[in-house]
Amino acid sequence: MIQYNKMIFELSKKDRVGYSLPESAFNHYSLSELGNDYLRVEEPNLPEVSELDVLRHFTNISNKNFGIENGFYPLGSCTMKYNPKINEEIAGLRGFRRLHPLQPVSTVQGALKVYYELQRILSEISGLYEFTLNSYAGAHGELVGLMIIKQYHESRQDFKRNKIIIPDSAHGTNPASVVVCGMEVIEIASNKRGRVSLQSLKEAVEGRDDIAGMMLTNPNTLGIFEDDICEITKVIHEAGGKMYYDGANLNALLGKVRPGDMGFDVMHINLHKTFSTPHGGGGPGSGPVGVTEELEKFLPNPRIKKMDNHYFIEENGDAIGRISSFYGNYLVALRAYVYLLTLGKENLKLVGPYATLNANYIKNALKTAYQLPIDGNCMHEVVFNGLINKDNDIKTLDIAKRLLDYGMHAPTVYFPLLFPQAIMIEPTETESLQTLDEFINIMHKIAIEAKEDPDKLKDAPTKTPIRRTDEVFAAKEMIFSYKDYLAYREERDQ
Amino acid sequence: MSKILEGLYYSEDHEWVKVLEDNIVLVGITDFAQAELGDVVFVDLPEEGDEIVQGEEFGAVESVKAASDLVAPVSGEVIEINEDLVGEPEKVNEEPYEAWFIKVKLSDPKELDSLLNNKAYKEEISE
Numbered sequence: 017m018i019q020y021n022k023m024i025f026e027l028s029k030k031d032r033v034g035y036s037l038p039e040s041a042f043n044h045y046s047l048s049e050l051g052n053d054y055l056r057v058e059e060p061n062l063p064e065v066s067e068l069d070v071l072r073h074f075t076n077i078s079n080k081n082f083g084i085e086n087g088f089y090p091l092g093s094c095t096m097k098y099n100p101k102i103n104e105e106i107a108g109l110r111g112f113r114r115l116h117p118l119q120p121v122s123t124v125q126g127a128l129k130v131y132y133e134l135q136r137i138l139s140e141i142s143g144l145y146e147f148t149l150n151s152y153a154g155a156h157g158e159l160v161g162l163m164i165i166k167q168y169h170e171s172r173q174d175f176k177r178n179k180i181i182i183p184d185s186a187h188g189t190n191p192a193s194v195v196v197c198g199m200e201v202i203e204i205a206s207n208k209r210g211r212v213s214l215q216s217l218k219e220a221v222e223g224r225d226d227i228a229g230m231m232l233t234n235p236n237t238l239g240i241f242e243d244d245i246c247e248i249t250k251v252i253h254e255a256g257g258k259m260y261y262d263g264a265n266l267n268a269l270l271g272k273v274r275p276g277d278m279g280f281d282v283m284h285i286n287l288h289k290t291f292s293t294p295h296g297g298g299g300p301g302s303g304p305v306g307v308t309e310e311l312e313k314f315l316p317n318p319r320i321k322k323m324d325n326h327y328f329i330e331e332n333g334d335a336i337g338r339i340s341s342f343y344g345n346y347l348v349a350l351r352a353y354v355y356l357l358t359l360g361k362e363n364l365k366l367v368g369p370y371a372t373l374n375a376n377y378i379k380n381a382l383k384t385a386y387q388l389p390i391d392g393n394c395m396h397e398v399v400f401n402g403l404i405n406k407d408n409d410i411k412t413l414d415i416a417k418r419l420l421d422y423g424m425h426a427p428t429v430y431f432p433l434l435f436p437q438a439i440m441i442e443p444t445e446t447e448s449l450q451t452l453d454e455f456i457n458i459m460h461k462i463a464i465e466a467k468e469d470p471d472k473l474k475d476a477p478t479k480t481p482i483r484r485t486d487e488v489f490a491a492k493e494m495i496f497s498y499k500d501y502l503a504y505r506e507e508r509d510q
Numbered sequence: 035m036s037k038i039l040e041g042l043y044y045s046e047d048h049e050w051v052k053v054l055e056d057n058i059v060l061v062g063i064t065d066f067a068q069a070e071l072g073d074v075v076f077v078d079l080p081e082e083g084d085e086i087v088q089g090e091e092f093g094a095v096e097s098v099k100a101a102s103d104l105v106a107p108v109s110g111e112v113i114e115i116n117e118d119l120v121g122e123p124e125k126v127n128e129e130p131y132e133a134w135f136i137k138v139k140l141s142d143p144k145e146l147d148s149l150l151n152n153k154a155y156k157e158e159i160s161e
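Chains as they are written, first to last, in the numbering used here: chain E, 17 to 510; chain P, 35 to 161.
Among the hints, a few may not be true.
[To be verified] Which stretches of chain P does chain E cover? Using the computed rule of at least three CB atoms under 8 angstroms from a CB of chain E, they are:
no.: 1; region: 35 to 42
no.: 2; region: 95 to 104
[Claimed, not checked] EDC-like mimics (lysine to aspartate or glutamate), calculated; alpha carbons at most 16 angstroms apart, straight line:
no.: 3; chain 1: E; residue 1: 474; chain 2: E; residue 2: 407
no.: 4; chain 1: P; residue 1: 153; chain 2: P; residue 2: 40
no.: 5; chain 1: E; residue 1: 313; chain 2: E; residue 2: 146
no.: 6; chain 1: E; residue 1: 492; chain 2: P; residue 2: 73
no.: 7; chain 1: E; residue 1: 129; chain 2: E; residue 2: 254
no.: 8; chain 1: P; residue 1: 144; chain 2: P; residue 2: 70
no.: 9; chain 1: P; residue 1: 137; chain 2: P; residue 2: 78
no.: 10; chain 1: E; residue 1: 492; chain 2: P; residue 2: 78
no.: 11; chain 1: E; residue 1: 321; chain 2: E; residue 2: 331
no.: 12; chain 1: P; residue 1: 139; chain 2: P; residue 2: 81
no.: 13; chain 1: E; residue 1: 492; chain 2: P; residue 2: 96
no.: 14; chain 1: E; residue 1: 492; chain 2: P; residue 2: 40
no.: 15; chain 1: E; residue 1: 406; chain 2: P; residue 2: 70
no.: 16; chain 1: E; residue 1: 218; chain 2: E; residue 2: 254
no.: 17; chain 1: E; residue 1: 492; chain 2: P; residue 2: 124
To be clear, the hints were calculated from the coordinates, so they are not data collected in a lab. For glycine and all other residues, C-beta sits at the position ideal for the given N, C-alpha and C.
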C-alpha cells in the first residue's frame, strides 16, 4: 500500500459488524424513557467496518507519519528531542499502568513517591519552592499560574490588579491565558537587540497600581537570553507585580541558570519539551506549575505531601481550587521522572550547553545564505528571516516545503511575529554532528535552488503523500468531519 | 517591488488613506502589507457608526500566516464598510488599492498631515 488515501468511511459496508456479543441482559431499559431532549434526531454516521479493516486503515495511515523516529525534526520552540525508550518501558509496567486514582492511599505509596520526588526535583532544577503536577499541558499551566497570581493579589484585598505585561516576542498562548483568566494584556516592544526594552517596560508600569505581573520566556522566542532579567524582575516587583516564567525554553538553561534565582515567582514546565515525554498528536501533555514559598498555599488541590516515610493526599483551603479531576497526566509525569533519574545530575547539566552549541553551529553555518536579523550568540534555537537573496520571491514557506522533499521536518515558520519571513530552528541536544551537517548541506542546497531553479521550491513538496496544501481553502472552508465533508461536496456539485 | 500610488496618504502601520471629498476618506492596506501578510482569509471590520481613533485598533486581518490588528490611520466615524471583503477577502491580495476596508468621516482632518506621502512611505518600507 504505497499510495493509501482512503478515509475509514469509504471502507464502510452497511450492516457490517466487527464483533459478536451475547444478548443484552439490560433490555428492560428503553431509550424513550430518557425524554425527548436527549434523543438524537438523526442516526449517527459511523463507519461499519471489521477489526481488520480498522487495523489496516490506521496502520497504513501511520506509515505516512513523520516523527522524530523517522528523521530530523528541528521544530523551533517545541524542543523535539529524542524520548528515550526506557521512559516507555517503565511507564508500561503493570504496577503503574493498572493504577486507579481512587485506590486507597496505602496501596499507592510507590506511585505517590514518584509524584512527590518529581515535585522535589523540579523545585531543585528551577529554584522554586514547590510544584504541582496536576496541570495537563503548558497552556493549562499558564492559566493555573495566572490564577495563583490573581488569587495572591485578591488574598491581600488588592482587587484592582488585573494587568499582565507581555513582550511582543511572546508565545501566543501567553496573552490567550491572560484573557481566559479574566485579566488584560499590556504589550511592550522589543529593542533592537531582540530583548525586552527596559525603557518601554518602565514606561508601561509607571504610575500604575494595577499591574498584576509579567509573563516572560527566557531565553525568549528568538532564542536570545534576556540579559537584563534581574533588572526586569526588579521593575515588576517594585510595581507590586509577580513574575511568571514561561518554561517553554527551559531546555537551554538546564543545570546552568534557575528561574527562581532570576527572580521569577511562578512558572510552568513543559514536561513534553524539556523532559522527553511524548509530543505527538497534541498530548497527553503535562505542565507542572512551580511557585515561591510565599505563593505555595495557593497551589491547586489535591497536593501530594510526605510525613516521615508516608505519602498522603492533602486538600488545602487557600488553594485556587481543583484544576484536574485527579493528579494530572500521571504516566507522563512518570516518564519525566525516569528521564531525570536516567540522566542524573551530572548529565542533566550538559543538556543546555549541548542544545545551545548545536543551535549556534547551525546559525553560523547558515548565516551566509539566510538572513540573520539579530547577530550574536543564540541559545537553544536560532531565528532567520528568510533567504538573504530575495530575487526570485522565494518565501519561508517554500523553503519549509522543500525541506520535506529532502526527508526532514520543516522548522517552525512565521513565528515569532517580529520578522515577516521568520524561520525558527531548534536542533536540541540529541542530534549528532552528522545530522546537523546533513541539515546544513540541504539548507544550502535549497538556497542555491532558490536562485537557479526556483520552481523546485514553489512546487514543493513533490515527494510527500500529500503535495502543497491549499491553505486559503483550509482556512476558509470549515470542514471538520466526514459529515461536513459530505455537505460541502453536495453543495459544490450542485 | 511593492506598488505605491501617488496621491494617497500612508501610515507607518502600512495603511493607505484616500481622500474622496471634504473630510470623507477610504482606508485600506498597502501592497507591501498584503505581500507581507500572505493570502488573506478573513477580514474583521468594525460596524457602521463606530468611532475609530488614530493609532488604535479598529479591526483585524487574518492571513494563512497570522492575524494582525488594523490600526486606524485617522480618527472619525465609520460611515460605510466594504461588505465585499467579508465574502472575498482575497481581493485584499489581488487589488490592495481597490479593496478598501472602511469609509470614514474625519473628526480631525489635520491628522492627515501626520501621515506619509508616497515618497516618504517608499523610504519607510525600504528601510
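Hints versus structure:
1. 35 to 42: violated (count 0)
2. 95 to 104: holds (count 4)
3. E/474 <-> E/407: At roughly 14 angstroms apart (the allowed maximum being 16 angstroms), residue 407 of chain E and residue 474 of chain E satisfy the hint.
4. P/153 <-> P/40: Holds. Residue 153 of chain P to residue 40 of chain P sits at ~8 angstroms (cutoff 16 angstroms).
5. E/313 <-> E/146: holds, 10 angstroms
6. E/492 <-> P/73: Judged against 16 angstroms, a Cα distance of about 11 angstroms means the pair holds.
7. E/129 <-> E/254: The hint is violated at about 39 angstroms.
8. P/144 <-> P/70: violated, 30 angstroms
9. P/137 <-> P/78: The hint holds at about 15 angstroms.
10. E/492 <-> P/78: Roughly 14 angstroms between the alpha carbons, so the hint for residue 492 of chain E and residue 78 of chain P holds.
11. E/321 <-> E/331: The given pair, whose Cα atoms are some 10 angstroms apart, holds under the 16 angstroms limit.
12. P/139 <-> P/81: Holds: residue 139 of chain P and residue 81 of chain P sit about 14 angstroms apart, inside 16 angstroms.
13. E/492 <-> P/96: Satisfied, since the Cα-Cα distance of roughly 11 angstroms is no more than 16 angstroms.
14. E/492 <-> P/40: Distance of about 34 angstroms is beyond 16 angstroms: violated.
15. E/406 <-> P/70: Holds, at about 13 angstroms.
16. E/218 <-> E/254: holds, 11 angstroms
17. E/492 <-> P/124: Since the Cα atoms of residue 492 of chain E and residue 124 of chain P sit roughly 11 angstroms apart, the hinted pair holds (cutoff 16 angstroms).
Of the numbered hints stated above, those contradicted by the structure are hints 1, 7, 8, 14, listed in ascending order.
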